[in-house]
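Chains as they are written, first to last, in our numbering: chain A, 1 to 482; chain B, 1001 to 1484.
Fair warning: there could be bad hints in the mix.
[Claimed, not checked] Computed footprint of chain A on chain B; a stretch qualifies when at least three of its residues, placed anywhere within it, have a C-beta under 8 Å from a C-beta of chain A:
| no. | stretch |
| --- | --- |
| 1 | 1054 to 1060 |
| 2 | 1081 to 1093 |
| 3 | 1367 to 1379 |
Since the hints were derived computationally from the structure, they do not count as laboratory data. All C-beta atoms in this analysis are idealised placements derived from N, C-alpha and C, irrespective of residue type, glycine included.
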Amino acid sequence: MMDLRTFADVKAKLTNGSSLVDIVQVYLGKIQENQDLNAFLEVFETSALEQAKRIDQKRAEGKAGRLTGMVIGLKDNICFKDHKISASSKILEGFTSLYSATAVERLLAEDAIIIGRLNCDEFAMGSSNENSAFGPVKNPLNKDLVPGGSSGGSAAAVASGMCTAALGSDTGGSIRQPASFTGTFGSKPTYGRISRYGLIAYASSFDQIGPFTNSLEDNALLMEIMAGKDEMDSTSSSKPVDDYSSLVPVGKNTIAVIEDCLNHTGIAADVKAKMDETIEALKEAGHTIKMVRFPYLDYMVPAYYVLTTAEASSNLSRFDGVHFGHRSMEAQGVEQTYKKSRSEGFGPEVQRRIMAGTFVLSQGYYDAYYTKAQKVRAVLKNKTDEILKSADFILMPTTPSSAFAIGGVSDPIQMYLQDIFTVHANLTGNPAISLPIGKDKKGLPFGVQIMARNFEEKAMFNFSQSILELRANSIQPLSKNN
Amino acid sequence: MSEIRDTYEVVIGLEVHAQMLTKSKAYSNDKNEYGSVPNTNVSAVTLGHPGTLPVMNKKTIENAIKLGLALHCDIAENQYFARKNYFYPDLPKGYQITQDLTPICTGGYAIVKDENENEKKIGLTRIHMEEDAGKSIHDIDVKDTLVDLNRAGVPLLEIVTEPDFRSSTEAYNYLTEIRKLVRYLDICDGNMEEGSMRCDANVSVRKIGATEFGTKIEVKNMNSIRNVQRAIEFEITRQIEVLENGGELFMETRQYDALKNITIAMRSKEAANDYRYFPEPDLTPLKVTVNQIDAIKAEMPALPRDLFLRYTNEFKLSEYDAYNLTDNKSIALYYESILKRTKEYKLAANWMMGDIKSYLNSQGKEMEEFPISAEKIADLISIIQEGKISNTVASQKVFPEMLNAPEKSPLAIAESMNLIQDSNEDSILGFIAEVMKQHPEEVTRYKNGEKQLTGFLMGQLMKISKGKADPKSANQMLRNELEK
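Could you put together the complete structure from these sequences and hints?
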């Protein structure tokens, strides 16, 4: 069966006479084939086929929307009306959403088809997808490896062609890092660009929904359709949305490269070499490279964890066994209901972060941790804005290395350092994208990350296109199938 | 005891929670409605379902600003929100959205009377916006506590005073003022029995002359203003007794039991929650502009105290009348409407406090249910003032008929009932001539100095005129004739 990796592949098949039902069947077959990856928690076969039939009808009437043929998987923390959702946690046992996330509504309005919900780290807390209550997701490129996290299921599903695209959520790199590990495109918009309504909150001032795709065009298109003001999310921006998907080639840009990232001790030699190669290619293509110092790398991950766990400890209070989700059968009285339901329902990493967040917000520690981390965040924002005053983009690796082995990183602190290059954009709110840039000696992919000015997603996608063209010409290309 | 009590000073601060009369809840589109079937005004947002977000109801800010302006507060330019975290079954999100460090209104004061009827300023610490929790109902089901989330997310204003009260009477008067104010401003219905206005009292006592405050004890669960006063009284007596018996007081929260008129220990403050306040990341800070404040100011109704001052200073009404006219917003509005058509302030006040009030009292009706329009009452006052009918005739004959037929004009009624007074000089002179002719003896006695006989002669005149002679002009003309 022919692979339907991109929207263009699907469209070609539709042009050749296939129906949407045929398309959905292709993906259902792929999902069946790749069950061992553990990417899907649930396949919405019935509703997907119904949607397909309904949209086939619309196609016949010439009324189908812009995303006709786009078959999308949802990370299991994005709500889809009348469908189960669990955030890969036992605590949401049996929970069905009463409504759809605004981002999902916008995709549906353009006739996208939702095919299922995808495994992830529990409540999006993790960098390897090993923290799911429903087992780890395997990297389709090598099943002994992690796909990255927390949106590991989304990355694996797209990389293995089980859907045209998938939504993930990115709080500290949860889209970009798995995109890097699976050779896919993953982007996170400016904070406030896509409504968070219907995204189960991990850390509200960091979370953003974003797309995983096998092409830049698809990525830009989905971002364009999901972006925009939503009355249900007061933090969403009312700035008009540009047409990201036109991908107009850009002129010559100034690109800042953070020396501290490039020279970071944890960075793998292959990644470093590919970065150097990319920088040289950019220079050759006439872009200006500006090496900048940013001596805050060591503060980013700690500040990130203080602030995100603080918000998470409050966001996850609603999972208390009283109103919905898991309730301990043994609990007597209300206090036990809280304690036992939460102890049974939450996995160890979620519990660790709730504890940490509760601690940093408690009386006597608040100023030393929470307030200080807020200050660090403000400094990072200012410094980043400063860099982006004299440069159009910041270029850095997405991840220090390619995917690691399942069970390979057991120390939580080591695991937290996986996010070292990605938390930056969440702390500052800037848009960022990970593009597959090359492979290491083991043949495993990794990405390059581009950060842009706030609300300059269009420029970010356009510049990404320039990099892809360079990649095709002068950088060792990443072959399609390995 | 009273002697001992006189050696103590009482210090009280009050926290009032006022549920706002908005159409929808503070952060969702769910209806804000008292008395709905339990758990019907609850969307996914109120239920705190995963992925939902709060959206600010702008009306709540407007209400807070109104009250802040009425109480002379400073209005903060930027509105920040905070989360107050605690677990409780009627708190679906596990936190309450409130304003912690940055209340919308600060400073300000209310003017209330102390027990000697002297006016006193009560300082306000802050007014802030927050959301209510749901209701836990413990007494319907034998085994389980039932939770009704209709109230969850209803917008509240919390009004916190400085520890400025020195007696329970002052506290009583303050609450009466605040309730009047929120009703005037249409912010809250002020109904303490239904819990739409709630009050916690912080009560302490200290020896007169002491510079440090005594141990503060919080008293909750009073469902009327009277009960707040009674609870405070009980607490004062209890605290003094403990201290006089060599005991010690601890910071604690006590619950008032209205049936027994006592307070009972609920929980000690040491065991209190750490609420882990932090900025609410789901709501962006909101700016309040000067223009916005000015627009709200322009739309504000006259406030009871302003009206009171106008009635006493400008209209020269008694404080008693002025108080009664302004105590209730609809009465004040009615009175104000009458004054749009007549400048007879005193006469209008008399009608409000006399015939109209007695009618409402006897019928058990509210001002809003009074059948006669303010315009018609103004017309009635006008024909009295013009001498067309006497006040007595208006009260005894015309007013009852107006109640029966509110659409008829008082003049038409008086005419159809043949009640119009005769103020025609010629006819009055005719009546006077007739009286003098019938009672020559009394006329002579009058002329010899028995001036009190005017009363008798006036009576005879009214009799002859069958009550229709305008008494005012008839009296004057009679005197003139007698003096001739």
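Structure-based check of all given hints:
1. 1054 to 1060: holds (count 3)
2. 1081 to 1093: holds (count 6)
3. 1367 to 1379: This one is violated; 0 residues, fewer than the three required, reach chain A with a Cβ under 8 Å.
Violated hint: 3 only; the structure is consistent with all others.
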